Amino acid sequence: MSAVDAALPPSRLRRFKRSRSRSAARSWWRQPTMLIGLTIAAIWIVVAIFAPLLAPHDPLAQDFAITQAPSGAHPFGTDELGRDILSRVLVAARNSLPLAVLLVLCAGTLGTTLGVVAGYVGGWVDGLIMRLADLFSAFPAIVLAMVVTASLGPSTRNAVLALVTVTWPIYARVVRSLVLSIGQAEYVQAFRLHGASARRAMWKEVLPNVMGPIIVLATIYLADALLLLAGLSFLGLGTQPPTPEWGSMISVGTQYFQNWWMATFPGLAIFSAALAFNFIGDGLRDVFDPQSQIGSGARGGSESVEEDA
Amino acid sequence: MSAVATAPALEVTDVEVVYERRDRDPVRAVAGVSLTVGRGQIVGLVGESGCGKSTLAKAIVGLERPRSGRIVFEGRELSPLTRRARPIEETRLQMVFQNPFSSLNPRRRIGAQLAEALQMAWSGSRAGGTGSLRERVTELLSLVGLPANAADRFAHQFSGGQRQRIAIARALAADPTVIVLDEPLSSLDASAQAQIANLLVRLSRELDLALVLISHDLAIVQHIVDEVAVMYLGKLVEQVPSGELWELPAHPYTEALIGAIPRADGERTLPVALAGEVPDPSAPPSGCRFHPRCPYAFDRCRVDEPEQIAIGRGREVACWLHEPGAEPKRPGELAAARADA
Amino acid sequence: MSALLELQGLSIRLPTPAGSRAVVHEVDLAVEAGQIYGIAGESGSGKTMTMLSLLGLLPRGGTVHGRASFAGRDILSADKKARQALRGRDLSMVFQDPMTSLHPMLTVGKQLTEHARKHLGLSKGEAAARAAQMLEDVRIPDGEAALRAYPHEFSGGMRQRIAIAIALMCEPQILIADEPTTALDVTVQAGILALLDRLRREKGMAVVLITHDLGVMSSIAERISVMYAGRVIESGDARDVLKQPSHPYTRGLLGSLPQPGLGAGTELRSIPGVPASPLDPPRGCAFHPRCALAVDACKEGVPPLLRRGDHAAACIVTMRDVASEEVVA
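Chains as they are written, first to last, in our numbering: chain H, 14 to 322; chain Y, 31 to 371; chain B, 587 to 915.
To be clear, the hints were calculated from the coordinates, so they are not data collected in a lab. This structure is a prediction, so every number in the text was calculated from the model and none was measured. Be aware that a few hints might be false.
To be verified - Far from chain Y, some chain H residues (derived; all Cβ distances over 10 Å):
| # | residue |
| --- | --- |
| 1 | Ile62 |
| 2 | Ile79 |
| 3 | Arg107 |
| 4 | Leu206 |
| 5 | Thr267 |
Stated by the list, open to error - Here are some chain Y residues pointing at chain B (derived, C-beta under 10 Å):
| # | residue |
| --- | --- |
| 6 | Val102 |
| 7 | Gln252 |
| 8 | Leu300 |
Unchecked claim - Some chain H residues near chain Y, calculated using beta-carbon distances under 8 Å:
| # | residue |
| --- | --- |
| 9 | Gly95 |
| 10 | Ala209 |
| 11 | Glu218 |
| 12 | Gln268 |
Glycine included, C-beta positions come from ideal geometry on N, C-alpha and C.
Hey, can you work out the whole structure from these sequences and the hints?
Here it is as structure tokens:
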């Protein structure tokens with residue numbers, strides 16, 4: 014799993030390591046952070062699905078009562094066009110969350126595929142893919158994404174496209190190094206000695222062991238995706254008005270900083286969703302750790318295994 | 031077929047493995063080794079860490095590409111592993127790895143790993159697939175002394191000794207005639223060590239299975255094996271039936287290895303340390319590779335490299351103290367005789 | 587008592603997912619000055635944990651109970667500072683893998699002198715001279731050059747000797763060596779054992795040697811305690827324990843060792859089964875499921891250490907004669 018370590022920034026790495034050293038035998042659902050993460054994520058998914066029913070007002074309906082502080086009628090206040098912020102935050106979940114998931118799925122699939130190809134084929138193909146990955150990760154993600162969206166034109170689709178371009182190297186690097194290190198593992202060599210071709214060993218022994226870390230990584234980066242998308246919208250390069258989106262709401266809100274509620278509530282929405290995904294990612298890491306297989310109740314437990322040597 | 035039947039199970043001839051290193055001298059990890067393993071025979075390959083024994087093991091099964099030399103398995107010359115599937119005939123040459131914690135897939139149940147190995151052997155229409163896969167897995171587990179329910183578990187649920195049994199069971203799935211075992215005992219506790227050692231001997235006898243047992247522990251090796259090959263700095267220095275080894279080591283290095291083994295007799299006798307350090311294998315000493323640490327070295331040892339010569343019955347030694355064809359004697363005696371002469 | 591290091595009824599509890607569990611039970615031992623004391627046992631027997639507890643190095647949440655004193659001073663109740671001073675000066679430890687105790691980025695010289703300067707208040711020059719002397723003592727050739735080298739430039743055996751040199755810089759009264767030779771070849775191991783024996787003779791240093799290898803134990807230890815599943819199950823003079831082992835487990839361990847000179851194919855007498863987990867030991871005597879001599883009473887209560895003179899074993903079968911005496915008394 015050292016490859017995952019390499020792909021995570023130091024602050025993340027510390028958390029990754031800490032969570033790893035936690036008692037592995039504890040059941041995953043007993044971890045409070047995993048439980049909190051799952052609860053928040055579940056709430057957001059319900060909100061996203063039923064947003065039109067939950068929203069007290071039409072999120073696009075403008076009113077003369079602009080920039081009203083939170084009150085009984087508008088618990089989160091209203092924005093500069095008199096729209097209900099609570100309704101906009103709720104409805105925005107339908108836009109922001111699926112986009113983040115889409116982004117991670119696309120970048121994860123592309124990155125994993127390229128990483129497997131690089132690690133398996135090797136040689137100049139490996140060199141080419143990894144140099145491309147270096148190229149795309151040499152710039153700050155948001156800057157590169159700005160260049161891409163600026164040249165393709167600002168839209169939701171282009172924002173996702175741009176962010177896929179800048180985030181796939183994360184997955185490619187991790188997958189490549191996992192493929193290389195697991196490919197050298199003794200159990201893979203033993204499998205090959207039984208007559209498995211390199212390709213078969215790849216499918217049967219290497220890839221299943223790569224998938225766990227990748228799912229963990231993807232979940233943690235789901236939070237990043239949310240923030241990046243919000244960032245692009247904040248800069249006016251993502252989802253276009255009047256569609257409600259958390260990032261663009263914050264962007265507008267910061268222009269009215271005396272009306273604190275305009276940026277704070279969408280900000281809290283991003284914060285809570287990002288936190289939830291981080292918690293789930295951490296928890297999943299423990300689930301995928303074979304030492305803590307759910308239900309095996311193992312502590313190197315050889316209790317019921319008897320030998321007749 | 032008769033030619034194959036009488037041929038040795040495994041014949042290693044002049045194998046040399048060289049590691050190229052950037053900006054540094056290449057390392058001849060294995061500097062020309064020849065070794066013959068008969069059918070059902072247990073051969074021990076012993077030496078200190080860094081002597082090249084693990085590299086030789088990998089080269090034998092094809093995980094390492096030798097620079098030169100031949101490896102002939104059941105009359106068939108082997109070539110190193112490529113991306114392609116290994117020919118089914120060659121899979122009867124198996125390997126058990128040193129570390130029982132990394133030699134099993136952590137995410138697959140033991141049963142699935144064994145079944146997979148069995149299926150590969152069966153797809154080569156061999157090993158007479160009687161009974162269901164599940165029955166055969168149970169059979170393999172019982173062969174190594176594990177209960178049938180072990181199949182439903184994961185590797186981390188077993189102790190080191192049990193994992194080593196599973197690794198052996200997996201090798202047996204290919205219906206092998208030769209298994210190369212790289213330090214199979216070194217990471218185990220004393221009681222597990224004895225269990226696995228006994229298991230290996232039993233399997234070899236019951237299945238007419240040849241074993242190449244690689245180890246740094248001469249004491250346990252000489253218990254298990256029929257013949258011991260002693261390796262120093264990439265070369266074999268002595269080959270001897272294990273019965274004669276303890277009483278009559280012919281090479282000074284073998285003698286030193288035996289002297290260094292501590293005995294649990296409660297007598298508080300310190301084992302004898304071998305002077306000096308293992309030299310850098312990229313720049314081996316001139317002449318006999320062992321001469322800087324050898325208490326009996328004389329002029330010729332510093333200049334000429336000794337070849338392996340036959341002494342006594344079925345013994346070989348690479349040391350200038352011995353005359354070809356002479357009866358084996360302890361190196362100390364021969365050195366004293368030389369000094370007198 | 588004149589013992590340098592004395593443990594009385596030392597127990598250790600560690601947190602586990604299923605709650606706090608005792609992993610070491612009521613260990614008594616006394617190491618005298620200038621003595622090599624062997625603690626034998628397989629992995630998980632609690633031998634390392636016992637020694638780590640003295641240094642305050644237990645895993646998080648671990649607790650120690652009972653008494654431990656060093657030169658008459660209580661160790662367990664000592665404050666952090668006093669314990670640190672003890673750990674640095676009077677009591678040193680060497681581990682199985684020298685790379686865990688050597689800093690890869692610092693020169694050997696730096697690692698040798700830093701410690702001594704802090705604890706002994708030596709000047710830079712004095713510390714360097716002492717370090718060179720120490721390397722010579724552990725037979726590292728060309729000490730001057732070695733001081734400027736980094737750990738990775740040495741072989742495994744030399745690294746372990748350097749780790750020992752560092753441990754000895756402050757002339758500790760006692761050295762705890764945890765499997766110091768397990769990762770090494772026998773040829774190198776022999777050198778380390780000779781070194782430990784020489785230091786005991788020349789400097790009067792006591793050594794607690796933790797090892798699973800009874801051969802290693804036999805070559806230098808004067809007294810031995812054998813541990814199984816967190817308890818001392820046999821202890822006594824090394825010669826007595828190894829020549830007339832009284833606990834079936836000790837007998838089994840000795841029996842499973844290869845006998846030099848016995849030819850090929852002779853079966854090793856192995857102990858059946860796997861070592862008991864210290865977290866969840868069998869009821870009664872923890873060894874009874876693997877023991878050929880076990881009787882019904884073995885499943886009842888944990889057998890006490892029964893003494894026959896200087897030699898003690900926790901077995902109600904082999905020590906039956908003593909057992910009945912004690913019951914009478």
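| Any of the earlier hints contradicted here, and which numbers? | 4, 6, 9 and 12
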